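**Q** Under the working numbering, the first residue of the sequence shown is numbered 24, with each subsequent residue one higher.
Check before you lean on any hint, since a few could be wrong.
[Unchecked claim] Below are the EDC-like pairs computed for lysine to aspartate or glutamate, each with C-alpha atoms no more than 20 Å apart in a straight line:
id: 1; residue 1: LYS167; residue 2: GLU110
id: 2; residue 1: LYS164; residue 2: ASP117
id: 3; residue 1: LYS164; residue 2: ASP63
id: 4; residue 1: LYS167; residue 2: ASP117
id: 5; residue 1: LYS164; residue 2: ASP86
id: 6; residue 1: LYS164; residue 2: ASP105
id: 7; residue 1: LYS167; residue 2: ASP63
id: 8; residue 1: LYS167; residue 2: ASP178
id: 9; residue 1: LYS134; residue 2: GLU100
id: 10; residue 1: LYS134; residue 2: ASP86
id: 11; residue 1: LYS167; residue 2: GLU60
id: 12; residue 1: LYS134; residue 2: GLU110
[Claimed, not checked] Distance windows between CB atoms, simulated:
id: 13; residue 1: ALA171; residue 2: GLU211; range: 53 to 61 Å
id: 14; residue 1: ARG233; residue 2: SER193; range: 27 to 35 Å
id: 15; residue 1: ASN115; residue 2: SER193; range: 34 to 42 Å
id: 16; residue 1: ALA234; residue 2: ASP77; range: 41 to 49 Å
id: 17; residue 1: ALA28; residue 2: ALA73; range: 22 to 30 Å
Quick caveat, the hints were computed from the structure, so don't treat them as lab data.
As the structure is a computational prediction, the values presented were derived from the model and not from experiment.
The beta carbon of each residue, even a glycine, is placed where N, CA and C say it ideally should be.
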Amino acid sequence: MPREALLAQTLVELADTLVADFDVVELLTLVTDRCVEVLDVTSAGVMLVAPDGDLRVMASSSDTMRYLEFFELQAQEGPCLDSFRTEQAVVNQDLATVDGRWPRFAAEALKAGFHSAHALPMRLRGTVIGALNLFHTAPGKMSKADIAAAQALADVATIAILQNRAALESQVVNEQLQTALNTRIVIEQAKGMVAERLDLNMEEAFTTLRAYARNHNLRLVDVAYNIIDSTLTTSALDAAPPDTAVLDRSGLSPRWRSE
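My request is simple: use the sequences and hints to build the entire structure.
**A** Right, here's the structure in full:
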């Protein structure tokens, strides 16, 4: 397949992840493999930032590349780290002449057979999530067209990953909201039962439920569930001593739940 057609196909495949579930590692492996196929590089790799702020190796086109990326992280020097920290492209680095910049990394990369290195930030607006590493066994510069193509691949992959994160976060928020709504329904139902059986108004019924929950170290929703399924009788709300075995939703008494 001609280079331009393969590049276009890769961009379409990456864009397709914006509307479907995907495996991040598989996505980034596709990026590294296609960089080798489409661009004038020998090996490619991707590092992403972890929640603790440190970079992690996520995909590599070869075992040699993977080893070198791990070495880069261990040595805390190299093109990928510089690109991530500065949020800028680090390209056309002759490893035989940059030993003052990356003394340990350059020596190890040369030993592994690489002579030129390039790294591009994976960023969207103000968010930088990692960097794309590109190494070549021959010295020399990447063409402007190859650099632009590599950045395009990195950008689309970045958009896909951030879109996926946003979708997952939205799902979590929606689940939390639904749980809160369901909890409120249960509590309202329990309030009605307490109000009717103890001849209280709704505010007094809620105060009674809440006081019982606090006094017995229980969640309010667990007390409400227990009232609804008759595990706890309404008459026991005021009469029960603090060690009464009222079950939470895990089926354990508060004494066992706290242990």
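**Q** Does each hint hold? Answer for all of them.
**A** How the hints compare with the structure:
1. Restraint check: the Cα-Cα separation between LYS167 and GLU110 comes to about 19 Å, which is no more than 20 Å; the hinted pair holds.
2. Distance hint between LYS164 and ASP117 is fulfilled; the C-alpha atoms sit about 8 Å from each other, no more than 20 Å.
3. For the given pair, LYS164 sits about 10 Å from ASP63 by alpha-carbon distance, which is consistent with the 20 Å threshold.
4. Under the criterion of a C-alpha separation no larger than 20 Å, the hint pairing LYS167 with ASP117 is consistent with the structure, at around 17 Å.
5. Of the supplied pair hints, the one linking LYS164 and ASP86 is violated, its CA atoms being roughly 24 Å apart against a limit of 20 Å.
6. Annotation: proposed proximity of LYS164 to ASP105 holds, straight-line Cα distance about 18 Å (limit 20 Å).
7. Taken as a hint, the LYS167 and ASP63 pair is honoured in the structure, with Cα atoms around 11 Å apart against an allowance of 20 Å.
8. Proximity of LYS167 to ASP178 is assessed by CA-CA distance (about 16 Å); at most 20 Å being required, the pair is judged to hold.
9. This hinted pair checks out: LYS134 and GLU100 have alpha carbons roughly 16 Å apart, not beyond 20 Å.
10. Using a Cα cut-off of 20 Å, the hinted pair LYS134 and ASP86 holds, with the two alpha carbons roughly 14 Å apart.
11. Distance check on the hinted pair: LYS167 and GLU60 sit about 17 Å apart at the alpha-carbon level, within 20 Å; holds.
12. Proposed proximity of LYS134 and GLU110 is contradicted: the alpha carbons are some 28 Å apart, above 20 Å.
13. Between ALA171 and GLU211 the CB atoms are about 59 Å apart, so this pair conforms to the stated range of 53 to 61 Å.
14. For the pair ARG233 and SER193, the supplied restraint of 27 to 35 Å holds, since their beta-carbon distance comes to about 32 Å.
15. In this structure the hint that ASN115 and SER193 lie 34 to 42 Å apart at CB holds, the actual value being about 41 Å.
16. Checked against the hint of 41 to 49 Å, the pair ALA234 and ASP77 passes, with Cβ atoms roughly 47 Å apart.
17. Separation of ALA28 from ALA73 is about 36 Å and departs from the stated range, judged on CB atoms against 22 to 30 Å.
Comparing the model with each earlier hint shows violations of hints 5, 12 and 17; every other hint is respected.
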